[in-house]
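Engineer: For the record, the sequence lines run as chains A and B. If you count the first sequence from 1, position 39 lands on 39 in the working numbering, and the numbers rise without skipping. If you count the second sequence from 1, position 49 lands on 49 in the working numbering, and the numbers rise without skipping.
Mixed in with the good hints there might be a few duds.
As the list claims (entries may be wrong) - Derived pair list, reagent style DSBU-like, types lysine-lysine, alpha-carbon separation capped at 35 Å:
{"#": "1", "chain 1": "B", "residue 1": "K248", "chain 2": "B", "residue 2": "K323"}
{"#": "2", "chain 1": "B", "residue 1": "K304", "chain 2": "B", "residue 2": "K91"}
{"#": "3", "chain 1": "A", "residue 1": "K166", "chain 2": "B", "residue 2": "K91"}
{"#": "4", "chain 1": "B", "residue 1": "K24", "chain 2": "B", "residue 2": "K91"}
{"#": "5", "chain 1": "B", "residue 1": "K91", "chain 2": "B", "residue 2": "K323"}
{"#": "6", "chain 1": "B", "residue 1": "K444", "chain 2": "B", "residue 2": "K308"}
{"#": "7", "chain 1": "A", "residue 1": "K70", "chain 2": "A", "residue 2": "K42"}
{"#": "8", "chain 1": "B", "residue 1": "K24", "chain 2": "A", "residue 2": "K166"}
{"#": "9", "chain 1": "A", "residue 1": "K166", "chain 2": "B", "residue 2": "K164"}
Stated by the list, open to error - Restraint ranges, calculated between C-beta atoms of paired labels, are given here:
{"#": "10", "chain 1": "B", "residue 1": "V725", "chain 2": "A", "residue 2": "G89", "range": "35 to 41 Å"}
{"#": "11", "chain 1": "B", "residue 1": "P59", "chain 2": "A", "residue 2": "A65", "range": "33 to 39 Å"}
{"#": "12", "chain 1": "B", "residue 1": "E560", "chain 2": "A", "residue 2": "G89", "range": "36 to 42 Å"}
{"#": "13", "chain 1": "A", "residue 1": "G89", "chain 2": "B", "residue 2": "D195", "range": "44 to 50 Å"}
{"#": "14", "chain 1": "B", "residue 1": "P5", "chain 2": "A", "residue 2": "R55", "range": "55 to 61 Å"}
{"#": "15", "chain 1": "B", "residue 1": "D195", "chain 2": "A", "residue 2": "K70", "range": "49 to 55 Å"}
{"#": "16", "chain 1": "B", "residue 1": "E38", "chain 2": "A", "residue 2": "D130", "range": "24 to 30 Å"}
{"#": "17", "chain 1": "B", "residue 1": "E38", "chain 2": "A", "residue 2": "V125", "range": "53 to 59 Å"}
{"#": "18", "chain 1": "A", "residue 1": "R159", "chain 2": "B", "residue 2": "D195", "range": "50 to 56 Å"}
{"#": "19", "chain 1": "A", "residue 1": "G87", "chain 2": "B", "residue 2": "S586", "range": "53 to 59 Å"}
{"#": "20", "chain 1": "A", "residue 1": "D130", "chain 2": "B", "residue 2": "E646", "range": "55 to 61 Å"}
Unchecked claim - Non-contacting residues of chain A with respect to chain B, defined by C-beta distances greater than 10 Å in every case (computed):
{"#": "21", "residue": "V13"}
{"#": "22", "residue": "Q38"}
{"#": "23", "residue": "V125"}
If you're looking for bench data, these hints aren't it; they were derived computationally from the structure. We put the CB at the ideal spot given by N, CA and C, even for glycine.
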Amino acid sequence: MQNLRLNINGDSVEVGAPSHWTLCEVLRYRLGLTGTKQGCDKGDCGACTVLIDGRPVLSCIHLAALAEDKEVTTIEGLRPLHQAAGGEGCDPVQDSFDRCGALQCGFCQSGMILSAKALLDEVPVPTEEDARAALSGNLCRCTGYTQIFQAIERAACERAGLEPTKPAWAPESSEHEA
Amino acid sequence: MKPDPARYVHGTDAPWDEFQVVGKPHRKVDGLAKATGEAVYADDIQLPGMLHAKTLRSPHPHARIRSVDTARAEALEGVHAVITGADLPTKYGVIPWTPDENALATDLVRFIGDEVAAVAAVDEDTANRALELIDVDYELLHAYLEPEESLERHDPAIHPDNKKGNISKHVELSFGEVDEALERAEAGELTLIEDDYTFHGTTHAPIEPHCAVARYSPDGLLTLWSSTQITHYVHRTLSAVLGLDPAKIRVVQPCLGGAFGGKSDPFSLEFCVALLAMRTGRPVKMLWTREEVFYAHRGRHPMKMHYKTAADAEGRVHAVDAKILIDGGSYSSFGLVTTYYSGQLLTGPYDFPAYRFDSTRVFTNKPPCGPKRGHGSVQPRFAFEVQLDEVAEAVGVDPIEIRRKNFQGEETETVNGQRITSNGFLECLARVEEASGWRERRGKLERGRGLGVAGSMYISGTNYPVYPNDMPQAGIQLKVDRSGVVTIFTGGNDIGQGSNSMVAYLVAEELGMDVAHVRVVAADTDLCPVDLGAYSSRVTFMVGNAAIDAARKLRAQIVEAVAEAWEVEPARVRLVGGRAIDLSDSERSIPTREAFQIAEVRFDTLGSTGSYNTPTLGGDYRGGTIGASPAYSFTAHVVEAVVDEETGRITVENCWIAHDCGRAINPMLVAGQMEGSAYMGIAEALMEEQEVNRFGLHRGPSLLDYTIPTSFDTPELHALIVESVDPEGPYGAKEAGEGPLHPSIPAISNAVYDAVGVRLRHLPFTPGRVLKELRAARESRAGESP
């Protein structure tokens, strides 16, 4: 058992946990931040992705102790951080995922959205190849990734004042607006 | 007796004028909850004093348990209870005719990973240590790993109670004059193509592992939260196995992290946490590891298939004859249905004058197979669509053209007696033909690049429930609040496909409301009317119709009350755009909220119920009801594939998916189902294989070794929605979640033929297999040349 001092979503928290526990376990089972998901517990699926100092990290193979003195952002942090920065509602990446149908079962999405967020923080208007590379560590079993790429494109385009590509299924006449 | 089925048909038109909600992209009702991490999945549930449970599994593929000694485990500090097969002796199975499973093995273990004992302890680490202290004495038995052996040898029997030895199910059905057509082919009057095809095993691999939590309240009420896609059947089965009154059991499906058929059996962990909670008086959770999910399996059945197709010089099919050997793994699961489906679901979108199939499912000592997206029909569809391409080539007809020529039409009956209503298959073919540039490009691309086509059909729900009864298949309750909110109570299981959103869209459409004012409470047996669950693509069709039924009754009350208050004819009152309006007086309108309040004064507390039940359908023969559905969806794919002849690697670059979903209630969600289905089919063809080694051990039970596609591996997917508008679907809707998987796999094989001239008849299409076929083709060409 050890005492950990962690910075989670802007809060400094102290928590006791067995010393072999991963960051994923501490977030989920000690801090109640269950938005971080566990799909494989060995770093294969990416559902447990969180941001540490702005970079995506697999929290299920990352010892909690290694996250001390770093800034950890989980999916629960995006909306409050967006609002603290003067924004309204959810983070635009979260919103875009919802508006593009990118959320089916939703189990991969916290990791997926955080990987997408890290990409969009680094590359203002990523290409589809950029998106494929940034998400290559996050497995999705529902969507075939297509609507996830569309969500990232849409979030980037809206920020840059560009027009996103219309999906193949969208009728010519109607506005694609969810 | 079932009531008149016409009462469940609500027409295909908008409630009035144009659709307000239906046909447009909308957010999902739970989208933002999922996007922000707020949504609660089974493993997110933490209850005070909760214990953690783990399962001891068999290390042997086939063995008799001589004894289990749990004394050392029970003595470990922190262990609260240990249970074994003796504690849960009642057999069960999702199909009531084949109950051959125990929550924990009572005498035999039948695959590596079969459940033997379960422990509840203060934490997972302690539970895992306790598992190591359970002593099991096994007598090893001969393990069956090849289905052919299970056909021949029955001693030792995998299920000693089974009268047919190691044969799980045999079905032989024949329609029309098959032998006559085959004789004509023999005589040279018809072209006959005959070959063997193999489909390997694949698994669902949802990203959420199975998890269940149980609480046994002091008043004797057992509550189970489980990652299941069939709350109602779990409820029934828990009652039977635990010997508890079903009125003392509540089953809840929390948010579910993917299923694809892999969470549609009752599973061992559900019974174990329930009993452990009853024994300890504390809540108990069990979360499976990823490895356990691979062993639990219930995935696609491997099939060895022999097909004969006789066709005339124009390419019209005269007869199809199939013989299929199905590897079922260790338990029956849905296997009775799988065996029928392997033949019954092939009889569209093409017209066969004569058809026969002979399917045998056998037991082997491998993880049990079950229903995976496109249950039972993906494998024969692969074989037949490749064979149809071979027929097209033999008679010199374009592969899309041969599919048009054999089209069965709308409002017709299949050779095996299934009723076909709407059928948009021709438009599906036209859409993929145009989008892929088929006419300009097929057969004309550079060597190594090719286009392939395939078609398919699938059910929108099975016409009959797994246990015979005449009660509705789907029920809905609506509750109205004075604030202007309507809450929908549905037994439907939202497994990510968006069924909760679907019912909200339909109710909002009927009541002229904003979707944001509709709430959904789902899949809780205490709160919601029964629905049979998320399987066989039944939810949109059946739960959707029930939702319209309930909303229409409610609408009638509201309209009547408002008309009375306004002293006008009800025909003048419309609910639209969040308001009740007077059609003859544009000045007069009130918000829906006020309309609800007026109706509450008139009728007291408002609410309504709605139901759906199926009409009587199916062929008049034993098994003729299996495969019967109130409507069928149709799909066509064109795949563009590139074959690297040096490495044997196939890359699918594009997949055009045209799917007839009747009417797209939310086209964005329909497209998501189409893309997700095609992705999954392509992955099965090229990347995935659920296989055990010669010891019965899984080849690689992890998401690294069982390679599901990453963002890099997934091709460009082009979803082209075709809307045939079905006369009985909710506003004309049919299924979209399973049909669009089928054609991907044969379309790849057919594209490879266009690219490099070899026929891939055996899955998966690994580089090694492709190289072997290329070498064989080269050798045969060399042998032919002088």
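Engineer: All hints are to be evaluated individually against the structure, with a verdict given for each.
Structural biologist: Hints and how they fare:
About 47 Å separates the Cα atoms of B:K248 and B:K323, which puts this hinted pair outside 35 Å; it is violated. The suggested pairing of B:K304 with B:K91 holds, with an alpha-carbon distance near 30 Å, which does not exceed 35 Å. A hinted pair counts as satisfied when its Cα atoms are at most 35 Å apart, and A:K166 with B:K91 does not qualify at roughly 53 Å. About 47 Å separates the Cα atoms of B:K24 and B:K91, which puts this hinted pair outside 35 Å; it is violated.
Restraint check for B:K91 and B:K323: satisfied, since their Cα atoms lie roughly 32 Å apart, inside the 35 Å limit. Distance restraint check for B:K444 and B:K308: the Cα-Cα separation of roughly 29 Å lies within the 35 Å cut-off, and the hinted pair is therefore satisfied. The suggested pairing of A:K70 with A:K42 holds, with an alpha-carbon distance near 22 Å, which does not exceed 35 Å. A hinted pair counts as satisfied when its Cα atoms are at most 35 Å apart, and B:K24 with A:K166 qualifies at roughly 14 Å.
Taken as a hint, the A:K166 and B:K164 pair is broken in the structure, with Cα atoms around 57 Å apart against an allowance of 35 Å. Between B:V725 and A:G89, the C-beta spacing of about 36 Å keeps the proposed range 35 to 41 Å intact. The supplied range of 33 to 39 Å is met by B:P59 and A:A65, whose beta-carbon atoms lie about 34 Å from each other. Under the hint 36 to 42 Å, the C-beta atoms of B:E560 and A:G89, about 39 Å apart, fit the expected range.
For A:G89 paired with B:D195, a C-beta distance near 58 Å fails the hint of 44 to 50 Å. One distance hint, 55 to 61 Å for the beta-carbon pair B:P5 and A:R55, holds here, with the actual separation near 59 Å. A beta carbon spacing of about 60 Å between B:D195 and A:K70 contradicts the range 49 to 55 Å that was offered as a hint. At roughly 29 Å, the beta carbons of B:E38 and A:D130 sit within the given window of 24 to 30 Å.
The hint said 53 to 59 Å for the Cβ distance between B:E38 and A:V125, and at roughly 29 Å that hint is violated. At roughly 55 Å, the beta carbons of A:R159 and B:D195 sit within the given window of 50 to 56 Å. Remark: the range hint 53 to 59 Å for A:G87 to B:S586 is contradicted by a beta-carbon distance near 40 Å. For A:D130 and B:E646, the hinted distance range of 55 to 61 Å is not satisfied, since their beta carbons lie about 29 Å from each other.
Consistency note on A:V13: stated as away from chain B, and its beta-carbon is indeed over 10 Å from all of that chain's, at 17 Å minimum. For A:Q38, the requirement that its beta carbon stay farther than 10 Å from each beta carbon of chain B is not met, with the minimum near 7 Å. The claim that A:V125 lies off the interface holds: its Cβ sits roughly 18 Å from the closest Cβ of chain B, which is beyond the 10 Å cut-off.
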